[in-house]
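So the sequence lines, in the order shown, correspond to chains U and A.
4 is the number of the first residue of the first sequence in the working numbering; add one for each residue after it.
4 is the number of the first residue of the second sequence in the working numbering; add one for each residue after it.
Simulated from the structure, these hints should not be mistaken for laboratory data.
Any given hint might turn out to be false.
As the list claims (entries may be wrong) - Here are the simulated lysine-lysine pairs, DSSO-like style, with alpha carbons at most 27 Å apart:
| no. | chain 1 | residue 1 | chain 2 | residue 2 |
| --- | --- | --- | --- | --- |
| 1 | U | K332 | U | K348 |
| 2 | A | K380 | U | K78 |
| 3 | A | K141 | U | K60 |
| 4 | U | K380 | A | K60 |
| 5 | A | K28 | U | K21 |
| 6 | A | K21 | U | K28 |
| 7 | U | K32 | A | K78 |
| 8 | A | K78 | U | K399 |
| 9 | U | K60 | A | K380 |
| 10 | U | K78 | A | K78 |
Stated by the list, open to error - FRET-style restraints, in silico, Cβ to Cβ:
| no. | chain 1 | residue 1 | chain 2 | residue 2 | range |
| --- | --- | --- | --- | --- | --- |
| 11 | A | Q255 | U | M318 | 43 to 51 Å |
| 12 | U | Y82 | A | D336 | 35 to 43 Å |
| 13 | A | D333 | U | Q199 | 13 to 21 Å |
| 14 | U | Y82 | A | Q255 | 39 to 47 Å |
| 15 | A | E288 | U | I383 | 23 to 31 Å |
| 16 | U | H35 | A | A287 | 38 to 46 Å |
| 17 | U | D62 | A | Q302 | 21 to 29 Å |
| 18 | A | H93 | U | Q58 | 31 to 39 Å |
| 19 | U | S344 | A | K85 | 40 to 48 Å |
| 20 | A | D74 | U | E378 | 21 to 29 Å |
On a predicted model such as this, the values are computed, not experimentally measured, just so you know.
The beta-carbon is built from N, C-alpha and C at its ideal position, and this holds for glycine as well.
There are 2 protein chains.
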Amino acid sequence: MLSISQRSLQMPASPIRKLVPFAEKAAQKGIHIHYLNIGQPDIRTPAPILDAIRQAKIDILAYSHSAGNLDYREKLTKYYHKLGIEVEPHEIIVTTGGSEAIWFALMACLDPGDEVLIPEPFYANYLGFSQMAGVQIKPVTSAIENGFALPNKQAFVQAIGPRTKAVLICNPNNPTGHVYSRKELQVLEEICLEHQLFLLSDEAYREFCYEDTHYSALQLESIRDRVVLLDTISKRYSACGARIGALISHHQPLIAAALKYAQARLSPPTLEQIGAAAALDLPAEYFVATRKEYDRRRQTLVRLLNEIPGVFCPMPKGAFYAMAKLPVKDAEDFCQWLLESFSYKGQTVMLAPGAGFYATPGKGKQEVRIAYVLEEKALISAITCLKKALEVYPDKG
Amino acid sequence: MLSISQRSLQMPASPIRKLVPFAEKAAQKGIHIHYLNIGQPDIRTPAPILDAIRQAKIDILAYSHSAGNLDYREKLTKYYHKLGIEVEPHEIIVTTGGSEAIWFALMACLDPGDEVLIPEPFYANYLGFSQMAGVQIKPVTSAIENGFALPNKQAFVQAIGPRTKAVLICNPNNPTGHVYSRKELQVLEEICLEHQLFLLSDEAYREFCYEDTHYSALQLESIRDRVVLLDTISKRYSACGARIGALISHHQPLIAAALKYAQARLSPPTLEQIGAAAALDLPAEYFVATRKEYDRRRQTLVRLLNEIPGVFCPMPKGAFYAMAKLPVKDAEDFCQWLLESFSYKGQTVMLAPGAGFYATPGKGKQEVRIAYVLEEKALISAITCLKKALEVYPDKG
Numbered sequence: 004m005l006s007i008s009q010r011s012l013q014m015p016a017s018p019i020r021k022l023v024p025f026a027e028k029a030a031q032k033g034i035h036i037h038y039l040n041i042g043q044p045d046i047r048t049p050a051p052i053l054d055a056i057r058q059a060k061i062d063i064l065a066y067s068h069s070a071g072n073l074d075y076r077e078k079l080t081k082y083y084h085k086l087g088i089e090v091e092p093h094e095i096i097v098t099t100g101g102s103e104a105i106w107f108a109l110m111a112c113l114d115p116g117d118e119v120l121i122p123e124p125f126y127a128n129y130l131g132f133s134q135m136a137g138v139q140i141k142p143v144t145s146a147i148e149n150g151f152a153l154p155n156k157q158a159f160v161q162a163i164g165p166r167t168k169a170v171l172i173c174n175p176n177n178p179t180g181h182v183y184s185r186k187e188l189q190v191l192e193e194i195c196l197e198h199q200l201f202l203l204s205d206e207a208y209r210e211f212c213y214e215d216t217h218y219s220a221l222q223l224e225s226i227r228d229r230v231v232l233l234d235t236i237s238k239r240y241s242a243c244g245a246r247i248g249a250l251i252s253h254h255q256p257l258i259a260a261a262l263k264y265a266q267a268r269l270s271p272p273t274l275e276q277i278g279a280a281a282a283l284d285l286p287a288e289y290f291v292a293t294r295k296e297y298d299r300r301r302q303t304l305v306r307l308l309n310e311i312p313g314v315f316c317p318m319p320k321g322a323f324y325a326m327a328k329l330p331v332k333d334a335e336d337f338c339q340w341l342l343e344s345f346s347y348k349g350q351t352v353m354l355a356p357g358a359g360f361y362a363t364p365g366k367g368k369q370e371v372r373i374a375y376v377l378e379e380k381a382l383i384s385a386i387t388c389l390k391k392a393l394e395v396y397p398d399k400g
Numbered sequence: 004m005l006s007i008s009q010r011s012l013q014m015p016a017s018p019i020r021k022l023v024p025f026a027e028k029a030a031q032k033g034i035h036i037h038y039l040n041i042g043q044p045d046i047r048t049p050a051p052i053l054d055a056i057r058q059a060k061i062d063i064l065a066y067s068h069s070a071g072n073l074d075y076r077e078k079l080t081k082y083y084h085k086l087g088i089e090v091e092p093h094e095i096i097v098t099t100g101g102s103e104a105i106w107f108a109l110m111a112c113l114d115p116g117d118e119v120l121i122p123e124p125f126y127a128n129y130l131g132f133s134q135m136a137g138v139q140i141k142p143v144t145s146a147i148e149n150g151f152a153l154p155n156k157q158a159f160v161q162a163i164g165p166r167t168k169a170v171l172i173c174n175p176n177n178p179t180g181h182v183y184s185r186k187e188l189q190v191l192e193e194i195c196l197e198h199q200l201f202l203l204s205d206e207a208y209r210e211f212c213y214e215d216t217h218y219s220a221l222q223l224e225s226i227r228d229r230v231v232l233l234d235t236i237s238k239r240y241s242a243c244g245a246r247i248g249a250l251i252s253h254h255q256p257l258i259a260a261a262l263k264y265a266q267a268r269l270s271p272p273t274l275e276q277i278g279a280a281a282a283l284d285l286p287a288e289y290f291v292a293t294r295k296e297y298d299r300r301r302q303t304l305v306r307l308l309n310e311i312p313g314v315f316c317p318m319p320k321g322a323f324y325a326m327a328k329l330p331v332k333d334a335e336d337f338c339q340w341l342l343e344s345f346s347y348k349g350q351t352v353m354l355a356p357g358a359g360f361y362a363t364p365g366k367g368k369q370e371v372r373i374a375y376v377l378e379e380k381a382l383i384s385a386i387t388c389l390k391k392a393l394e395v396y397p398d399k400g
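Next up, chain U with everything else stripped away, as it sits in the complex:
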């Protein structure tokens, strides 16, 4: 049998999805699994999105513009304007999910062998896309003890080398739930200004900030042409399967580069752009209600977690994830054990092992990421399972 490429062998499996075979086996045994491992919300996709798709007058399901339909991009500029972000339609590339925006940004800013600084823990697929793009992640470690706040300036500066080209943040953060303050963003602004770096800012969870208002990287005036905003409708509107995202930048050569990548893959999905355009007409109350729902879950989750002996979970301020430290030796073994060998009242829980969110070997071994994407009752059952599991798990940390 011919060998596949080395880069494929080195490609990391998604830590969020690699336990799926064990979950499938547990489900076959009739065990009810509470899926807290993946950011797939249980909140309904707003009807106007689906209705717009259903009612679209379409005879030929044709390619859209490679950069996305102009009318959708025009409408997007108004959405951003309301947030205090001024962009033009030609500064937007509609992407196939936020995933593609991440990938285009890495390809556009970095060459193979170049480095990107990322506060860790970070969204695990940054590792996959970096591997695909042949770029190196230089992690800058944040600490669970202080709620995963931005590491100090010196930690970033020390990590910068001659091949460092960019900083990548996720704000609000997946997996930590940290929301970067204006002050923290200004630190990043200084770093990017002083060291000639792009700032890639993944703001998929912008609307889900529970304590403070969100401040976008595109509002950092002194580096306005160094910022690349990565966006998606997936979480905002509970529309993960739509695969509609965006890459936004004032840097025209960068947009021209992203457009070439976009042209190679022809177009983002056509129908979902119609749905995404309809989403922009949703009343502001939609986010008020959704935010309230997630906030309630957040409070419940974090309270219950911290009541479990040996568990520590700082209060996340945004997104719908929490990182928790568990009293186990190896959280990945534990998560697999939860699916393979445990059930409580016919139920178990699926979590994402923390190590997959770190680039530094050995980090996060006792941590798990928990997505609070289930309604409160199911969430309580899930955390009860976790509590019972920790009582009997043999390999304590």
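Take the given structure of chain U and dock chain A to it, following the hints.
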């Protein structure tokens, strides 16, 4: 302003789409443009596809499985079975368009610096994806004089070096319309067997063969685990905007690699997989009727083209493209001139310059690709425009 990556600067612009700004200007002047530059069919998407999407009972537009919905993959195996191709659901990765299948295949089989042999002219975006993947295309030139038949074995063998890992074909061919005979495929089979190469076979236009039946690379028994089939519903069902394709292989490590790439980008669009599954229930007559329509256009197009003094167009046997040699010095200049400086009865025509389909510098300078994606009457008007244009074009070749 910070510099973008070198690879972005080197990324080729799509030759099919780079004339778009000139077309936009012509359209603004009120000129009617016959778009023969892009493979966007005018044939209606079959109603059952759109109806299935419209009627799907969906409350949450959730991620699908990263490899695509299992029920769709199961149904696909029956489609392939009818074509004499035996595959299992776990040998299929549903991709976001055929584009992503091409990209995943290159990433899975080749490392940066590795080489892929491709008969030229070839689908222009192979160049873009190769650039993104950091792999080198070694073109093996086919000739318009013999209808772009497969170059002989020696031409391939001479191009093979220590870093050659794969051959990539498009069958039926875009842009030439050539359909590889069983004999030609057996030559490729020998080459791949003797030189340890993967055979990537893009069969997007499988159903559009007008003279002979199609023979799939996956039917080459002696290299069954070296073949990677690249597929898409875009052309087959006039559903380019659906962005549903597939990568298929019996090579399990390769499928495992493709799945890791698929997991990084989470999932292909959810709704369109429902439409694509519905498409598989279309009666066989659908393709009979569609093929008949394209065949009529093909005959008309090629007859009219060869009636124009100095124009030569071999009869394509499949897909819906023809490559024609024009009596001009530089077809790209001519195509731009058609949009910028010419109109006949308020109309002009947009063509894809041939050079963009070649990797060898200087090749295809007098050629254009013509997509016969317009109904016969519009096609006749378009070719009349072309004829009139060639009568007055100053820069004859």
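- request: Mind listing which of the numbered hints don't hold for this structure, in increasing order?
  value: 2, 3, 5, 6, 8, 10, 13, 15
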